[in-house]
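K.L.:
Spelled out from the first residue to the last, the chains are:
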Amino acid sequence: MNCRDFQNELYEYVEGTLSAGARAAAEQHLTGCDACRRAVEKERKLTQALYKQLQQTSETLTVRPETIRSILAAARTESPTSTMADSIVGLWRWFRLAAVPSSLLGIAVLLMAIHFSGTRNHERISVPIMPRVSAVTPSANNNPQTAVSVRMSYRLPIRQFHQEGNLVVDALIDETVVASGTYNPGGKQSVSPKLEIKTPL
Amino acid sequence: MNDVPLVTALQAQEPGAVQEMLDRYGDRLLRSAFLLCGNGTEAQDFVQETFLQAMRSVHRFQGRSTVYTWLHAILLNLIRNHRRDQKRLVYDEELLSREVAEENPNQSDAVTASSALGTALQQLSSTHREVIVLRYYENMKIQEIAGHLDISGGTVKSRLHYAIQELQKLLPGELNLFGACDTEEIEKR
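Same order as they appear, the protein sequences are chains V and U. When you line the first sequence up against our numbering, it's residues 1403 to 1603, in that order. When you line the second sequence up against our numbering, it's residues 10 to 198, in that order.
Read the hints as simulated data drawn from the structure, not as lab findings. Because the structure is a prediction, the values reported are computed rather than measured. Yeah, the Cβ is synthetic: ideal placement off N, Cα and C, and Gly gets one too.
Rough simulated footprint, nothing fancy, chain U against chain V, three-plus residues with beta-carbon under 8 Å:
1. 1410–1424
2. 1454–1464
3. 1467–1476
Keeping only pairs whose Cα atoms sit at most 30 Å apart, straight-line, the calculated BS3-like set for lysine-lysine is:
4. V:K1447 - U:K150
5. V:K1454 - U:K178
6. U:K178 - U:K150
7. V:K1447 - U:K178
8. V:K1454 - U:K150
With the sequences and hints as input, model every part of the structure.
P.N.:
Structural data, given as structure tokens:
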């Protein structure tokens, strides 16, 4: 141990909180170091002198009778407040503990709400992914370039219908979805380029 | 002195428990408050508020420290908050002048602050004053001070070192014990 090491542990040496090993090393250093011995002596005297002076500086002070009366009066009326304060603190602690799971639950509920509300919106304009086409009604002039009607028995979101059928929905009028494009369910029927699809929404 | 019966009595709101706490710790806490804030009237207010807060939160006291250390932590917090609030008002000259006018005529509690050390203590920064009071008046060990102030032991020692140097400058003839020749000698080696 050198002087700087000892200086770092001077307070602990004086107050007696060094470990046995550190204390032995410190004492070994002190046997050969006048400066550190003087530093120890000075810190001890300083501790005594400062305590004495600080005590003299403040020793005449006592708590005033009116301060004591105020505290005791408050003690008599404090109980309900303390119960309420305790409840608030307890509630706040519980809230802090529950905050993370509650937030996660809230986010999950929000995401589900968004998801299902979105699904409901899509349902409103959904058409079958693989519609069972029970009837294809050509337009009056039987021209494949004009609109036809298709009856379908179940529904899926319109975007999936687009993927399957390559159709673009133009409008939703009551229970009739008007779509345009090419639809080829299972390759058995091909209707192009414009469809008028009736679906049970 | 065993704190357990006192804490139990306080938690049970037994009559006389608060008076017992005041008798045991009131004056000691007041003197520490006075050394920390330098004003006897303020110290009385701080002590009153400390005991009020202690009564409100005694049911949460778990005995990890002594009752006095717990009370002192409340006190220190109050003084720090007050100091912070005062800094916010530092530009309100009217308020400051009123405070000075109020303090000057009421010197009964502050008479003891006229000692050279008391005056010098108030010229230290609050962080230096805190470690001096805790170390040399409250007789706390380095690790106790560190826990009390929520800082490292190294920071406590550093603050003590500079605080003593400051006191030495402020009180050159007061205590020759403040002479730092040994420390300087060690630092040179």
